[in-house]
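Participant: Residues per chain are reported as follows:
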Amino acid sequence: MIVDVNAYLGHFAFRRLRHNTPESLLVLMDSKGIDKAVVSSAGAITYRNSQAGNEELAEEVRRRGDRLIPFAVINPFYAGWQDDLQICHEQFGMKGLRIYPKWHNYQLSSQCCRELVDAATERGMVISIPIRVEDNRQRSWLLNIPDVPLTEIIELVKACPKARFILLNGIGYTGCSLGQKDSALPRNYAIGLSRLTAVLANELGQLVTNLGAKRVMFGTGMPFNYPDPALVKLEVLDSSEADKERIRSQNAMTWLRL
Amino acid sequence: MKDHNSASSMMREPSRSISRRTFLQGSVVAAMGAMELASRRGMAAAPSRLERKGKVIDCHAHLTHHSRATWEVEDRKLIEAADKLGIDQLCCSTLTPRRPATADGFRECNRWTAEGMRRFPGRVLGYCYVNPGYGREALDEIRLCVEERGFIGVKLYNEYTCTEPVVFPILELAIKLGVPILHHASHSHYFVEEQPRMSDGGHLAELARRYPEAMLICAHISGGGDWEWTIKALRHAPNVMLDTSGSVTDDGSVDMAVAVVGVDRVVFGCDSSMTAGIGKIRGAKLNAQDRAKILGGNMIRLLGRRKA
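Taken in sequence, the protein lines are chains A and B.
Numbering of the first sequence is given in this note's numbering, commencing with residue 439 and proceeding in unit increments.
Numbering of the second sequence is given in this note's numbering, commencing with residue 274 and proceeding in unit increments.
Treat the hints as calculated values from the structure; they're not laboratory data.
Note that the structure is predicted; figures quoted are calculated from it, not measured.
Treat the hints with care, as some may be off.
[As the list claims (entries may be wrong)] Subject to a maximum C-alpha distance of 16 Å in a straight line, what follows is the list of computed EDC-like cross-link-like pairs (lysine to aspartate or glutamate): (1) B:Lys558 - A:Asp468; (2) B:Lys449 - B:Glu420; (3) A:Lys533 - A:Glu560; (4) B:Lys350 - A:Asp676; (5) B:Lys449 - B:Asp413; (6) A:Lys652 - A:Asp620.
Sequences and hints are given; from them, build the entire structure.
Facilitator: Structure representation (C-alpha cells):
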C-alpha cells in the first residue's frame, strides 16, 4: 500500500500540467503502484476566491473517494473563509487543508491564520503546508513568491500544539529544530519526503533517525513532479521494512483515519 | 605521464567491490505494488520495471574541493550513491569554492580531479575546469588534462557568458581535441545578481551556430530556471546536448526535451541531485532504446569523437 500525501488536480496558472484530471492521475498512480493520494486544487493556489477551486475539486473526486482524498485550499484573509471551511469539511468531506501563506500573502503568525488553524483543528482536520509550489528560479516574470521560511513554521507548530501539520516540498529541516533530535517542539507535525535527499547528505535518513519513521510521509508532488524521484528515495532509504511501511502508507492512514 | 584513466581505458567497464542494487532495472517495491494493484483490478501489470541496456553515465557530477575537511568522505559517498542507483560512470569536475577561479585555483582543482580518477578508476571521468579569462594558461591546462591526464572534456562555469570572444579559443581547442564542453547555464526571468555573466540556452545556441563542429552540453535543464524556455531556445542548435540534471523534478521536462530536440540530444545527469536525476529518467515516457541513449548511449557517442 502506498499513500501519497502530496498530489494535486486541476490547472496551474504558470505551467501546463499533465495527469491533472482524476482519470489521468489514477492512470499514473496505477502505473506507479500508488493506491491513494491526497489531492487539492492546483487552480486554487492562484484563484482569488480559492473556494471555487475547492468546489471544482469536490466535483472531480466525487465517486473516487476510495482513492483520491480531497483537501481544501483556504485563504484565511479572504471573506467567508469560515463558511468555506465548514462547507469543505461537512459537505465535501474534506479531511484536511492546504495553506499557501506566501502565495496568498499573509503571515503564519497572523491572527487570521491562527484562527483558521484552530478552526480546522477543532474539526479534526490536518493542515498541510507546501513550503514551495515550484522552484523559484523558474518563476514567471509576473511574481516572486518565496519559500515559506522554516523559522515561521517553527513558530506555528509551537503556537498550535494541538494542531496536526504535514510539511510538504521542503528541505533543510535538519538544519533547524524541526528536524533535530530531542528538540523542544511539539510532535504535531510530519514531513513529506518529496524534496529530501536520500543519498549523499541523506536528509531523509537523518529525519528517520532524529524524529522517527512515524514523522515522515511519502509524497510525490504529482502532477507538478514526476512521482518516480519520491519512489526512488523510499527505495534507497537504508531503513527497516517496518519503517518504510510507516512512511509509505501507515502514517498517512493513521493521520487521515483511512 | 599517463594516468590510469587514459583515453584508452576510460570507457572500460567499471569494477565494483560491492554488490549494488540495480535501480535502473526497476523498483521492486513499485513493481510489486503495481502488479498487486493491477491484479486486484483485473488488468495487466503496468511496466514499472526500467530495462537497463548499456552503460549509465552521469554527464554532470562534481568531486569535492579539498578545502572541505570532509572531501574524501563526500567523494566516497558520491561513488556509493552511484552504486546504489546503478550509475556506472560519473563525469566530474572539481570547482573552486568561489568564482572567478584563478589559474592556480583551477589547476589545483584539475589535479584533484585527476586524483579522483585514480582513486575510482573507471568510475570517475574528468572534465577540465578552466576560467577562459586566463587565455594561454587555460588552453595549456586543457591540453595537459586531455592529452596527458585522459580527461574527457572541458567544464566552463559562469566567469564569462559563452558568447564573449574570450571564450572562443577554448571552443577552438575543444574542437581540435574532439572533446565536449559542459557549460553551466540557466535562464530566469529576472536578473541573477550573483551570476551576472550567466549563459543560457540562447547564448549556447548562438555559440553553437558560430562553431557548428563544437560539441556543447547545456548544463542542468532541471536546475537552470525556466526549462521550457531553455529547451525551446535550443531546438535549432543541433550540436548542443541537453543535460537533464538538477534538483527540479517537474513532470514532463525530460519528455519535452526529447520531443523538441530529439532523443539523440538528451543526456542523463544529476549534478549531485541523484535520486531526482534517476527518478526523472524513470518517470519519462520513453521506450527502452531511447532511455538507453539518454542514460549513456548518447554520451558514449559524444566521447567517441575524441581526437587526442
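Participant: Against this structure, judge whether each hint is valid.
Facilitator: Hints and how they fare:
For a cut-off of 16 Å, the pair hint linking Lys558 of chain B to Asp468 of chain A stands: about 15 Å separates their Cα positions. The straight-line distance between the Cα atoms of Lys449 of chain B and Glu420 of chain B is roughly 12 Å, inside the 16 Å bound, and the hint therefore holds. Annotation: proposed proximity of Lys533 of chain A to Glu560 of chain A holds, straight-line Cα distance about 12 Å (limit 16 Å). Restraint check for Lys350 of chain B and Asp676 of chain A: satisfied, since their Cα atoms lie roughly 14 Å apart, inside the 16 Å limit.
At roughly 13 Å between alpha-carbon atoms, Lys449 of chain B and Asp413 of chain B fall within 16 Å of each other, so this suggested pair holds. A threshold of 16 Å between alpha carbons decides the hint, and for Lys652 of chain A with Asp620 of chain A the separation of about 15 Å falls inside it, so the pair holds.
The earlier numbered hints are all upheld by this structure, with none contradicted.
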